[in-house]
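Protein chains in written order, with the working numbering: chain A, 1 to 583; chain B, 1 to 583.
Keep in mind that a hint or two might mislead.
Derived CB-CB ranges, DEER-like [unchecked claim]: (1) GLY554/A - SER89/B: 54 to 60 Å; (2) GLN25/A - GLY320/B: 49 to 55 Å; (3) GLY320/B - LEU271/A: 31 to 37 Å; (4) ASP422/B - GLU252/A: 52 to 58 Å; (5) ALA286/B - GLY163/A: 57 to 63 Å; (6) ALA384/B - THR164/A: 54 to 60 Å; (7) PRO62/A - ASP422/B: 55 to 61 Å; (8) VAL460/A - ALA286/B: 25 to 31 Å; (9) ALA286/B - HIS5/A: 31 to 37 Å; (10) ALA581/A - MET445/B: 41 to 47 Å.
Hints in this document: simulated from the structure, not taken from any laboratory. We treat Cβ as the ideally placed atom computed from N, Cα and C, and that holds for glycine.
Protein chains: 2
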Amino acid sequence: MYIEHISSPADVKRLNTAQLTLMAQEIRTLLTHKLSIHGGHCGPNLGMVEATIALHRVFDSPTDKIVFDVSHQSYVHKMLTGRVGAFLSEAHYDDVSGYTEPSESDHDHFIIGHTSTSVSLAGGLAKGRDLRGEHHNVIAVIGDGSLSGGEALEGLDWAAELGTNFIIVVNDNQMSIAENHGGLYDNLRQLRETRGACSNNLFRAMGLDYVYVDEGNDIDSLTEAFQKVKDTDHPVVVHINTLKGKGYAPAEADKERWHWTMPFDVETGELKHTFTDEDYNDLTAAHLLERMAGDKTVCAITAGTPGVWGWTPERRKAAGRQYVDVGIAEEHAVAMASGMAKAGSKPVFGVCSSFLQRTYDQVAQDLCINDNPATLLVLWASIASMTDVTHLCHYDIPLLSGIPNLVYLAPTNRDEYLAMLDWSLDYREHPVAIRVPVGPTRPAMRPVPSDFSSLNTYEVTHRGSEVAILALGGFYGLGEEVRQALALKGINATLINPRYISGIDQPLFDNLLSDHRLFVTLEDGALDGGWGEKVARHLGPTNAKVRCYGARKGFVDRYDVDEYLTVNRLKSHLIVEDILADL
Amino acid sequence: MYIEHISSPADVKRLNTAQLTLMAQEIRTLLTHKLSIHGGHCGPNLGMVEATIALHRVFDSPTDKIVFDVSHQSYVHKMLTGRVGAFLSEAHYDDVSGYTEPSESDHDHFIIGHTSTSVSLAGGLAKGRDLRGEHHNVIAVIGDGSLSGGEALEGLDWAAELGTNFIIVVNDNQMSIAENHGGLYDNLRQLRETRGACSNNLFRAMGLDYVYVDEGNDIDSLTEAFQKVKDTDHPVVVHINTLKGKGYAPAEADKERWHWTMPFDVETGELKHTFTDEDYNDLTAAHLLERMAGDKTVCAITAGTPGVWGWTPERRKAAGRQYVDVGIAEEHAVAMASGMAKAGSKPVFGVCSSFLQRTYDQVAQDLCINDNPATLLVLWASIASMTDVTHLCHYDIPLLSGIPNLVYLAPTNRDEYLAMLDWSLDYREHPVAIRVPVGPTRPAMRPVPSDFSSLNTYEVTHRGSEVAILALGGFYGLGEEVRQALALKGINATLINPRYISGIDQPLFDNLLSDHRLFVTLEDGALDGGWGEKVARHLGPTNAKVRCYGARKGFVDRYDVDEYLTVNRLKSHLIVEDILADL
Numbered sequence: 001m002y003i004e005h006i007s008s009p010a011d012v013k014r015l016n017t018a019q020l021t022l023m024a025q026e027i028r029t030l031l032t033h034k035l036s037i038h039g040g041h042c043g044p045n046l047g048m049v050e051a052t053i054a055l056h057r058v059f060d061s062p063t064d065k066i067v068f069d070v071s072h073q074s075y076v077h078k079m080l081t082g083r084v085g086a087f088l089s090e091a092h093y094d095d096v097s098g099y100t101e102p103s104e105s106d107h108d109h110f111i112i113g114h115t116s117t118s119v120s121l122a123g124g125l126a127k128g129r130d131l132r133g134e135h136h137n138v139i140a141v142i143g144d145g146s147l148s149g150g151e152a153l154e155g156l157d158w159a160a161e162l163g164t165n166f167i168i169v170v171n172d173n174q175m176s177i178a179e180n181h182g183g184l185y186d187n188l189r190q191l192r193e194t195r196g197a198c199s200n201n202l203f204r205a206m207g208l209d210y211v212y213v214d215e216g217n218d219i220d221s222l223t224e225a226f227q228k229v230k231d232t233d234h235p236v237v238v239h240i241n242t243l244k245g246k247g248y249a250p251a252e253a254d255k256e257r258w259h260w261t262m263p264f265d266v267e268t269g270e271l272k273h274t275f276t277d278e279d280y281n282d283l284t285a286a287h288l289l290e291r292m293a294g295d296k297t298v299c300a301i302t303a304g305t306p307g308v309w310g311w312t313p314e315r316r317k318a319a320g321r322q323y324v325d326v327g328i329a330e331e332h333a334v335a336m337a338s339g340m341a342k343a344g345s346k347p348v349f350g351v352c353s354s355f356l357q358r359t360y361d362q363v364a365q366d367l368c369i370n371d372n373p374a375t376l377l378v379l380w381a382s383i384a385s386m387t388d389v390t391h392l393c394h395y396d397i398p399l400l401s402g403i404p405n406l407v408y409l410a411p412t413n414r415d416e417y418l419a420m421l422d423w424s425l426d427y428r429e430h431p432v433a434i435r436v437p438v439g440p441t442r443p444a445m446r447p448v449p450s451d452f453s454s455l456n457t458y459e460v461t462h463r464g465s466e467v468a469i470l471a472l473g474g475f476y477g478l479g480e481e482v483r484q485a486l487a488l489k490g491i492n493a494t495l496i497n498p499r500y501i502s503g504i505d506q507p508l509f510d511n512l513l514s515d516h517r518l519f520v521t522l523e524d525g526a527l528d529g530g531w532g533e534k535v536a537r538h539l540g541p542t543n544a545k546v547r548c549y550g551a552r553k554g555f556v557d558r559y560d561v562d563e564y565l566t567v568n569r570l571k572s573h574l575i576v577e578d579i580l581a582d583l
Numbered sequence: 001m002y003i004e005h006i007s008s009p010a011d012v013k014r015l016n017t018a019q020l021t022l023m024a025q026e027i028r029t030l031l032t033h034k035l036s037i038h039g040g041h042c043g044p045n046l047g048m049v050e051a052t053i054a055l056h057r058v059f060d061s062p063t064d065k066i067v068f069d070v071s072h073q074s075y076v077h078k079m080l081t082g083r084v085g086a087f088l089s090e091a092h093y094d095d096v097s098g099y100t101e102p103s104e105s106d107h108d109h110f111i112i113g114h115t116s117t118s119v120s121l122a123g124g125l126a127k128g129r130d131l132r133g134e135h136h137n138v139i140a141v142i143g144d145g146s147l148s149g150g151e152a153l154e155g156l157d158w159a160a161e162l163g164t165n166f167i168i169v170v171n172d173n174q175m176s177i178a179e180n181h182g183g184l185y186d187n188l189r190q191l192r193e194t195r196g197a198c199s200n201n202l203f204r205a206m207g208l209d210y211v212y213v214d215e216g217n218d219i220d221s222l223t224e225a226f227q228k229v230k231d232t233d234h235p236v237v238v239h240i241n242t243l244k245g246k247g248y249a250p251a252e253a254d255k256e257r258w259h260w261t262m263p264f265d266v267e268t269g270e271l272k273h274t275f276t277d278e279d280y281n282d283l284t285a286a287h288l289l290e291r292m293a294g295d296k297t298v299c300a301i302t303a304g305t306p307g308v309w310g311w312t313p314e315r316r317k318a319a320g321r322q323y324v325d326v327g328i329a330e331e332h333a334v335a336m337a338s339g340m341a342k343a344g345s346k347p348v349f350g351v352c353s354s355f356l357q358r359t360y361d362q363v364a365q366d367l368c369i370n371d372n373p374a375t376l377l378v379l380w381a382s383i384a385s386m387t388d389v390t391h392l393c394h395y396d397i398p399l400l401s402g403i404p405n406l407v408y409l410a411p412t413n414r415d416e417y418l419a420m421l422d423w424s425l426d427y428r429e430h431p432v433a434i435r436v437p438v439g440p441t442r443p444a445m446r447p448v449p450s451d452f453s454s455l456n457t458y459e460v461t462h463r464g465s466e467v468a469i470l471a472l473g474g475f476y477g478l479g480e481e482v483r484q485a486l487a488l489k490g491i492n493a494t495l496i497n498p499r500y501i502s503g504i505d506q507p508l509f510d511n512l513l514s515d516h517r518l519f520v521t522l523e524d525g526a527l528d529g530g531w532g533e534k535v536a537r538h539l540g541p542t543n544a545k546v547r548c549y550g551a552r553k554g555f556v557d558r559y560d561v562d563e564y565l566t567v568n569r570l571k572s573h574l575i576v577e578d579i580l581a582d583l
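Next up, chain A with everything else stripped away, as it sits in the complex (with noise of 0.2 Å):
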C-alpha cells in the first residue's frame, strides 16, 4: 500500500499519477472499513479523494493553509498529513476526531463543525498574511451544500475585495445533506452544463475570477487546475464537479442516506444496528404530517437537515408545498416563518439546538419584537445529544431564554410535547418555541392539559416541604429520582415540572417560600445564562437557598456523556449528597 508511507504532504508528491490512483483506491478502501466499524461522514470523503489528493501534491501545506468547510470531509486530508494511523487499525480510529482540529496537525487551522464558515475564516488567514507581509497560498473548499448559508455568501462578497491571493474551491458534488434548495443551483448546474462556460455566473457576479473542472474525481485535471491558480495575485474560485459517495455503491445510489452512517455491513450497505423505539424526531413528523391532511396551512421548514426530525423523502413528498427546505440557510428559515405566520399560515421550523445559534438575530428581530406565533422546535437539545465540541447543544436556553415575547416550552414526555405542539399551531399570541425531549419516547404518567396560554404556570407533581425540585423538561425524570431518594431519607421534597424555560411562576415560588428552605433546578443545557440562573435571581432576596444544576461553562469535545454528568454533579445520588450538606 502506497497510503502506509504517505507521512506527509512530502509524500504525496512523491508518487506519480498512477500511484496516486492507486493510493485514492486504498484510501476508499481504508474510509469504507472505518465508517463500517465506526461510523461517521461518508459520502463527503468518498467524493473528496482526489481533490485531497491534488491539493496536497499541489500545494505546500502546511505553509500554504487549506480550510475546509464544515471539515467532514477531511478525512483524506487527515490521512495525507501524518495521520493515517487512525485509519489503519481499528486501535486508533479514535485518535482522531471527524473535524479538522490544531491540535491534531498544523495541518489544521481550526476547529470547524457548522457550515458555511471556510470563506470567512480562509479570509481571514489571507488578510492576515498580507499584513504580515508573508507569502503563500490560502485554500478554501467549500461545498456546494455549503454555498446558500448567509456566512458564506457574505465570504464570497468580500472576498473580491481582499485584492490578493486567495483560492476558493467550490466542492460540486449536487448534494446538500439531502438534495440542493436555491436558485443558486441552477446556476451551478448551467456552469456545470457548459463547462464553465456560461455567462451567467453566480461567481463571476461576485467579482471573483473563475475556473472550472469537470473532472473533479480525476487527480490530473485536478492537479492542472491547481497549478494554474497556485501562486495566483487574486481571489478566484475553482469549481470542482465531483461524485458524492464516489467508490462505494450504496453512497453513490443513495447520498442522503450516506451522507453520515452508523456502524454497517459493507457488503450490504445495511446497518449493523436498527432502531425500533419510537423516537422524537420521527413523531414529529409522523405528527406534523397528520395534521397538514387537515389544515393546509400548516408548513414544516427545515434548513438543509429533514433527517433530523423524521422527515423522510417519503413525507417530504406525502408534504407537498407544505414542507419546504431552504437549504443551509437558518436565518432565512427563521424570518420566513414569521412572515409566514404574519399572513396566517402555521410554520414550523425544526432545527438542531447547535445550529439554532445561527439565528438569534432572526428569533428577536424578525420573530419576536414582532411577536408572529410561528412555532420553533428546538431538536437535539441535550448534554446527551451530540458531543463533538462544534455541535454542543447545551446553549439554546441561555440563547432563547432571555428573549422577550417567546414562549419556550420544555415537554417531559410524549404526550405533553404533542400537546404542546398542537397548541402551539393554534396559539395566536406570541411565537412558541418547544424544546423537543431527545431519545426515545416515553409517555405522560399524569394528565397532560391541552392549553399552555396560561404562561409560566408551573405543573407541581408533588407537594412536599423544605425541599423544592424544579426538574425542567428532558431532566424531569431525574428530579423524580432525586424526589424518591430523598424520599428514603425521609425527606418530602415537592417536585415540579416547570414547563416554561422562558418565565418564573412567581405565585408558585411565593407559595411554596412558605414551607421550603432549598430550591434545586436541574437543567439539561449550560448553567450560564440558563434557567436556573433565572430562579436564583428571583429568589436571590429571600432567605431560601438555591442551588442550580446544570453545565459548567466550558468547551468540551467528544466526552463520554455518562463522565460528563458526574462531573457536573447530575446524578441523583450526587445531588441527594449536595442537598442533605445543605440542609
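Got chain A; can you put chain B on it based on the hints?
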C-alpha cells in the same frame, strides 16, 4: 399642497404624473423640514420619494404587501398611507416611529430596524399567501447596502424556488451608510452602466428574473416598470438606480454625513448642536490609529458602520489597508477576525451591541471554540444608548458572557478602557471582548493596571462590610452613588468594580461572605441571562441575599431613558431603599 390631502394610496392613484411630480417636491420639503428639527434618516428617504409614490400608484396596499428593508426609508410610505400628519406639524412629529410599525397602520407588516431581512420576511408573506390560496402582490424593497448581509443573500437564493408572485425592488443608490464594499457592488455598477443588459448578473445567477430602471427618480419610468411586474407569476428583481439624498444639495454632496442626521440648519446644512466633549467612539479610532502606526498587524474591522466608532473618512484613509470595511456582513467580520488572529495579526472588530446579535454563532464557533485572540469592541452597549425597539443595546451580556473562552471586560473609565484595549492587542491566550463605555469620557480616579491576564479578578475599590455593591462597567458611577448614600445612613458598604463580565471572582466572594450578608449587582443591560444572575447562582447555596439590578425582560420602544431607569429601580435612592428594607 397635494400631500396634505393624501389619506391613503387611493388618493395617490387619483393624481396624474405632473401632480405626483409636484407632490414629490412637497414631500421633500416636508421631509427636510422635519429632519432639520427632529433628526432622523435623511438620504435614504430623499432618494426613495419617487419610487414610493410609484409603488403606491401601481400596487394596492395593504392588500398588496410592501416590506421595506431596515425600514429607515419608509417615511414617504408613511406619508402616503394615512400618516402625513406626523410630517406636517412639529407637534405630531413623534406620532410615528422611524421604522415601519404595524401598530400604526395596516400598510406596515413588520417592525424592522436591522438590515437585510426584507426578502426573507416578504418571502414568508408570499409563501403564507400561497398556502392560504390567496392572490396578491408581495414586494420587498431592499437597498443595495443591505444586499451584502447574509440573511438577504440567503433570501434571494431561496426566492427562486418560491415559483409564485414575488417582487424584489433593489434600491441601488451606490451607498451603504458609508461607501459600499463587496464584489457584488461592482456587478451593480456593470448593470447600471449597461442599463441592465450586462450578462454578468448576480440576480439572474441566483435564478431570479430581472428588470432594470435607469431613472429611479422618475415617476413614470418607475410606474411603467412596476406595472410590468405587477401580478407576475414568478419572483422578479426590479433594480432601480436612485440618487441618495436627492433634492437636498448637502445630502447629495456628502451622502455618508447625511445618511442619518441630528437637527440642522436647512440653509447651511450645519448641525444645530455640536458636541465637543471627547467621546469613547472618537477616542477608540484615534487610539487605534496610533497603535497601527507602531504595529502593521493591527487592523480595524467594521461591518458597514465606521461612523459609530470614530472612523471618519480621513482616519480610514490614514489607516490604509489596516482598516477593513466588509460591508454589512457582521458574520463574515467575526469569522475573518478569527482567521486574522490565527494568522498572527491583531484584528479589532467594532460593532454596536444591537448588531452584535447577528454574530452569535460566529463568536461561539469561528472565534471562541478556536480560541483565537481577536478583539471585539462592543459599542453603544447601554440602556441609555439607542431607544428604538429594533436597536436596543441591552442584550450583549446575555449573548457573550456564557460563551466559553471569551474574556468579556467592562471598563469603568477612559484610562481603564484604553489599558484593556492595549492589553487585548498583545494578549494571545483568548479572544477578548470589551464593552466600550458610552457617552463623554471620564478619567480614572484610581490607578489602572496594564495587565488583565489574571482573569476574573475583581477590583475592590472600597472595603466595607454587610453590603457589597458590585457595579459593572458603565454602572460603576451608580454604584459609587449608592455607596455614598448608604454611608450617609451609617452603612459602610463595600464597592466593587468587577471588570470581568465573563466570570466570577470566587476567592473574593469567599472572603466577602465572612462579613457581608447582602450582595447587590448593577448592570447596564438585560437581567435575563445577564451577569448578575451568575452572581445570584454562585451565591445561591450560601446564606447571603442577592439583589440584581438591570433591565427587566420586555421589549421597550422609544422610551424615556430616565423613566425606564426609574421603572427598573436603577436609581440610587431606589436601590438604597431596597437595601435598607433587606437589611
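Consistency of the hints with the structure:
no., hint, verdict
1, GLY554/A - SER89/B: 54 to 60 Å, "holds, 59 Å"
2, GLN25/A - GLY320/B: 49 to 55 Å, "holds, 51 Å"
3, GLY320/B - LEU271/A: 31 to 37 Å, "violated, 58 Å"
4, ASP422/B - GLU252/A: 52 to 58 Å, "holds, 57 Å"
5, ALA286/B - GLY163/A: 57 to 63 Å, "violated, 27 Å"
6, ALA384/B - THR164/A: 54 to 60 Å, "violated, 43 Å"
7, PRO62/A - ASP422/B: 55 to 61 Å, "violated, 31 Å"
8, VAL460/A - ALA286/B: 25 to 31 Å, "violated, 59 Å"
9, ALA286/B - HIS5/A: 31 to 37 Å, "violated, 58 Å"
10, ALA581/A - MET445/B: 41 to 47 Å, "holds, 43 Å"
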